[in-house]
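J.: For the sequence shown, counting from 1, position 68 maps to 94 in this note's numbering; every step adds exactly one.
It should be emphasised that the hints constitute simulated quantities derived from the structure, not laboratory data. Note that this is a predicted model, so its numbers are computed, not measured. For every residue, glycine included, the Cβ atom is placed at its ideal position computed from N, Cα and C. Any given hint might turn out to be false.
What the hints assert, rightly or not - Label-pair distances were calculated between CB atoms; the ranges are: (1) Q73 with N109: 15 to 25 Å; (2) E130 with Q88: 38 to 48 Å; (3) R108 with H71: 30 to 40 Å; (4) Q178 with T58: 30 to 40 Å.
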Amino acid sequence: MKQASSKLLVVCTANICRSPMAEAVLRKQIATRGLRTEVSSAGVHAQPDQPAHPLSIEVVAQAGVADLSTHRSRPLSPLLLRNSDIVLCMEHAHRDEIVARAPEAAGRVRLLGHWLGTEIVDPVNGSIGEFVECLKLMSECIDQWLTRLTRQGLLQ
């Protein structure tokens, strides 16, 4: 079995909407590109073992990305941060909280929307259309990250 060349962690607030969707897109794009990269997700304020939001499950399935029905949330932990090479979060507030908890991780924490100069707004109380738009935006951001990281030789 091949070893992962790096470990990516995706972080949002509760680990039930954005980060599970982004994790699913990352896994699919990584597989499509033939990369060996481990991906996981967590939430800065996640309650453990919560299922993904029903609209996250629906939108990701409709897009043909993945089945999130078995996803269970997990809180961000010091161990997860230590074991991650790159941490991609949704909002500046997430980055601030992560860096406050683990200052040594500051150089590895970036916004998922960094290359597009945007935060990813939480669709949690929104319509299915807002979840679809969120997934599209995250997919574009992930494509940017994977292209750049691969070009820099940070992903194989």
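J.: Now tell me, hint by hint, if it's right for this structure.
T.: How the hints compare with the structure:
| no. | hint | verdict |
| --- | --- | --- |
| 1 | Q73 with N109: 15 to 25 Å | holds (22 Å) |
| 2 | E130 with Q88: 38 to 48 Å | holds (40 Å) |
| 3 | R108 with H71: 30 to 40 Å | violated (20 Å) |
| 4 | Q178 with T58: 30 to 40 Å | violated (19 Å) |
In terms of the numbered hints stated before, the structure departs from hints 3, 4, listed from lowest to highest.
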